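For the protein sequence lines, the chains are A and B, in the order given. The numbering used here numbers the first residue of the first sequence as 1 and each following residue consecutively. The numbering used here numbers the first residue of the second sequence as 1 and each following residue consecutively.
Check before you lean on any hint, since a few could be wrong.
In silico DMTMM-like links for lysine to aspartate or glutamate, alpha-carbon gap of 25 angstroms or less [stated by the list, open to error]:
| no. | chain 1 | residue 1 | chain 2 | residue 2 |
| --- | --- | --- | --- | --- |
| 1 | A | Lys-80 | B | Asp-249 |
| 2 | B | Lys-23 | B | Glu-77 |
| 3 | A | Lys-21 | A | Glu-205 |
| 4 | A | Lys-271 | B | Asp-286 |
A few chain A residues that face chain B, going by a derived Cβ cut-off under 8 angstroms, partial list only [unchecked claim]:
| no. | residue |
| --- | --- |
| 5 | Val-75 |
| 6 | Val-177 |
| 7 | Thr-179 |
| 8 | Glu-245 |
| 9 | Arg-249 |
| 10 | Val-252 |
| 11 | His-257 |
If you are wondering where the hints come from, they were derived from the structure by calculation, not from laboratory data. These figures come from a predicted structure and were not determined experimentally. All C-beta atoms, glycine included, are put in the ideal place defined by N, C-alpha and C.
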Amino acid sequence: MTFQTYEARILEVKELTSREKLFTLRFVDPELNRSFKYKPGQFVIVDIRGFGEFPISLCSTPTREGYFQLCVRRVGRMTKYMHKLKEGDVVGIRGPYGNGFPMEKMEGSTLVLVAGGLGMAPLRSVLWYALDTGKYEEIYLFYGTKAYEDILFRDEIIHLLKHGEDMNCHVKLAYEVETPSCIYLEKGYSPRVCKGVVTDLFRGETFDVENTYALICGPPVMYKYVIKELLDRKLSPGRIYMTLERRMRCGVGKCGHCIVGTSTSIKYVCKDGPVFTYWDALSTRGLI
Amino acid sequence: MRYVKLPQENFEEFFNSLKKWGKVYAPVKKGNIYSFQHVEKPSEIAFDYTRTMLPPKKFFVRPKDEMLRLKGGRWEESNGVEPIVLFGVHSCDIHGLEILDKVYLAEPVDPYYKKRRENSIIIGMSCMPDEYCFCKSLGTDFAMHGFDLFLHELPDGWLVRVGSVKGHEIAWENEELFEELTEEDMKNFREFEEKRANSFKKHLNKEGLEDMLDLAYNSPVWKKYEKICLGCGNCNMVCPTCRCYEVCDLWMNAYEAVRVRRYDSCFMESHGLVAGGHNFRPTRLDRFRHRYYCKSYFDPSAGFNCIGCGRCDEFCPAKIEHVKVLDEVREGLQ
Ligand SMILES: Cc1cc2nc3c(=O)[nH]c(=O)nc-3n(C[C@H](O)[C@H](O)[C@H](O)COP(=O)(O)OP(=O)(O)OC[C@H]3O[C@@H](n4cnc5c(N)ncnc54)[C@H](O)[C@@H]3O)c2cc1C
Ligand code: SF4
Ligand code: SF4
Ligand code: FES
Chain A
1 MTFQTYEARI LEVKELTSRE KLFTLRFVDP ELNRSFKYKP GQFVIVDIRG
51 FGEFPISLCS TPTREGYFQL CVRRVGRMTK YMHKLKEGDV VGIRGPYGNG
101 FPMEKMEGST LVLVAGGLGM APLRSVLWYA LDTGKYEEIY LFYGTKAYED
151 ILFRDEIIHL LKHGEDMNCH VKLAYEVETP SCIYLEKGYS PRVCKGVVTD
201 LFRGETFDVE NTYALICGPP VMYKYVIKEL LDRKLSPGRI YMTLERRMRC
251 GVGKCGHCIV GTSTSIKYVC KDGPVFTYWD ALSTRGLI
Chain B
1 MRYVKLPQEN FEEFFNSLKK WGKVYAPVKK GNIYSFQHVE KPSEIAFDYT
51 RTMLPPKKFF VRPKDEMLRL KGGRWEESNG VEPIVLFGVH SCDIHGLEIL
101 DKVYLAEPVD PYYKKRRENS IIIGMSCMPD EYCFCKSLGT DFAMHGFDLF
151 LHELPDGWLV RVGSVKGHEI AWENEELFEE LTEEDMKNFR EFEEKRANSF
201 KKHLNKEGLE DMLDLAYNSP VWKKYEKICL GCGNCNMVCP TCRCYEVCDL
251 WMNAYEAVRV RRYDSCFMES HGLVAGGHNF RPTRLDRFRH RYYCKSYFDP
301 SAGFNCIGCG RCDEFCPAKI EHVKVLDEVR EGLQ
């Protein structure tokens, strides 16, 4: 049934920052667990039975089967409740929903991932998918974060700062708040780690525009600036993918909350997206 | 299409026969307002009604609707659909239901809507426009499908169009109540339709409407109406094609909860609100404009998202007129 959710058990809860937790889950029904397939960029609806539902991106990669992961920021009622859950607890899940990133189409190309804050969650799925499959020329990750303490998946990021080059994976990190930990990190990996915002990481970078795709996820204000950097470097709007957020209730194009656009073009972020190209943004007002 | 005649003297018997197909709902007058209500006999029906406040959508997408029921930690489908006969639906409202069908019956199918649609019989009825109607401009003034039977008023009865298999079944079972159409009936039918076509007072210029509106994104007309509109959302509640809903869980007692959905309105500030207080449509201007864009969106397979029923005008406490707003926006562009 369309709105029926399926029980998934929490295998592990990991505190990523003071606000974000990583939940590793598996469907209680082993058959469902086997048949659950998704693409980087897709999302699920989490159902805390008797309390409500909310959309969350899948931040794990489909290349690692048997479980899936959600990175949840505590911002309000539902996410606060979610943060109280422990290993062994059960939540409802429906999905996956949305179109996801066109991973197959991008094979053989260079990927530039641009993440701001929580935007790292869906892009982590792309990152590990690309690393696991090895089907991409080169991977760049430009990640803008508030402070050292806010870096999501910090261990993984630091690991890639150290060893990424061996896997053609180049990580660059911008932080805004200067703390000893950041300065220490900057010392070790300068100029790949620096103080500033995510667009500062573009300085000095050029792309082979024929063979590069950019994938963006971050807070609403970020898109305009990042897109400008990419267009300045002559990347085609069709090679710029972004994943967007809207209020969502149904996740399947019924409840109307995520509708954007005008009389000439209306899009549902939940089913036409959440991944859109910059062409879409040019033809659908209000997308970014 | 099959066409037959239902003489007025057979109407009551025909009406009574409908009860075996389901509970019959028809327009009823309450004060100055019409609404679809359960009726037992033809004398309760307001045959000359203009429009009901809530469109027939209320039978398929309820203002408040239970989806799931939580029992012992598990959701169970809330069920119980009663077969219904909607008698006296105007053409525009039939088009309205077809627009809802496009959304709710698209994959993944909305199970609640589908079940109710399958358990309903739609009997259309001809009408005369009033000062609010502009369905003719939108081509929704005549229904070619989307009904089981359609009754067109004749001086001495009804010309009936049979529009579906179920419609055929109903006609079949009542075969003795119907007659063949005469030349006279057809002449009367044509005259009624001509008179009706000439009675529209309101016209929407839909030529290039989508592009015109899109170009007028920054029109001062939106700003003018931002100040007049009360943001009450009435226009959404009464619109046959508005269908935004909100979902919430409610506890019935310590052991049982229900998941309920209810009408939402894009005029509510919370409509575009996401975590952290970010709002994608923060001002009334954004919300007012959004509604007009949503209603004037043209889907090549379904037409506009407006059927010209005039409900939003009649029930707007600020007396905002849909067509007038669109005309002003167009004028502002020239
Ligand atoms: C496609 C998509 C992917 C997302 N991915 C992630 C992710 O990976 N990690 C993460 O932490 N957050 C993600 N979010 C945001 C997340 O859905 C919201 O943070 C969450 O719904 C907030 O709920 P709340 O009750 O805790 O917050 P409150 O602010 O208390 O919310 C109040 C009400 O608004 C609703 N609400 C608030 N924001 C949203 C929203 N964006 N969509 C739908 N309903 C909303 C809530 O359900 C709640 O009923 C994503 C949102 C979308 C649309
Ligand atoms: S916008 Fe107004 S006239 Fe158009 S369908 Fe809705 S209520 Fe009727
Ligand atoms: S009914 Fe009228 S006043 Fe109320 S929100 Fe709609 S346009 Fe505004
Ligand atoms: S979330 Fe309901 S329509 Fe997109």
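So, going through the hints one by one against the coordinates:
As the CA atoms of Lys-80 (chain A) and Asp-249 (chain B) are separated by approximately 16 angstroms, the hinted pair is consistent with the 25 angstroms bound. Proximity of Lys-23 (chain B) to Glu-77 (chain B) is assessed by CA-CA distance (about 23 angstroms); at most 25 angstroms being required, the pair is judged to hold. Restraint check for Lys-21 (chain A) and Glu-205 (chain A): not satisfied, since their Cα atoms lie roughly 33 angstroms apart, outside the 25 angstroms limit. Distance restraint check for Lys-271 (chain A) and Asp-286 (chain B): the Cα-Cα separation of roughly 23 angstroms lies within the 25 angstroms cut-off, and the hinted pair is therefore satisfied.
With a cut of 8 angstroms, the hint placing Val-75 (chain A) at the interface with chain B holds, because the nearest CB-to-CB distance is about 4 angstroms. Annotation: interface hint on Val-177 (chain A) violated; nearest CB of chain B at approximately 18 angstroms, more than 8 angstroms. A distance limit of 8 angstroms between C-beta atoms decides the matter here; for Thr-179 (chain A) the minimum to chain B is near 23 angstroms, and the interface restraint is violated. Hint on Glu-245 (chain A) holds. Least Cβ distance to chain B is approximately 6 angstroms, under the 8 angstroms limit.
A cut of 8 angstroms between beta carbons decides the hint on Arg-249 (chain A): the least distance to chain B is about 5 angstroms, and the hint holds. At about 5 angstroms, the closest approach between the beta carbon of Val-252 (chain A) and any beta carbon in chain B falls short of 8 angstroms, and the interface hint on this residue holds. The beta carbon of His-257 (chain A) is positioned within 8 angstroms of a beta carbon in chain B (closest approach about 6 angstroms), and the interface hint is therefore held.
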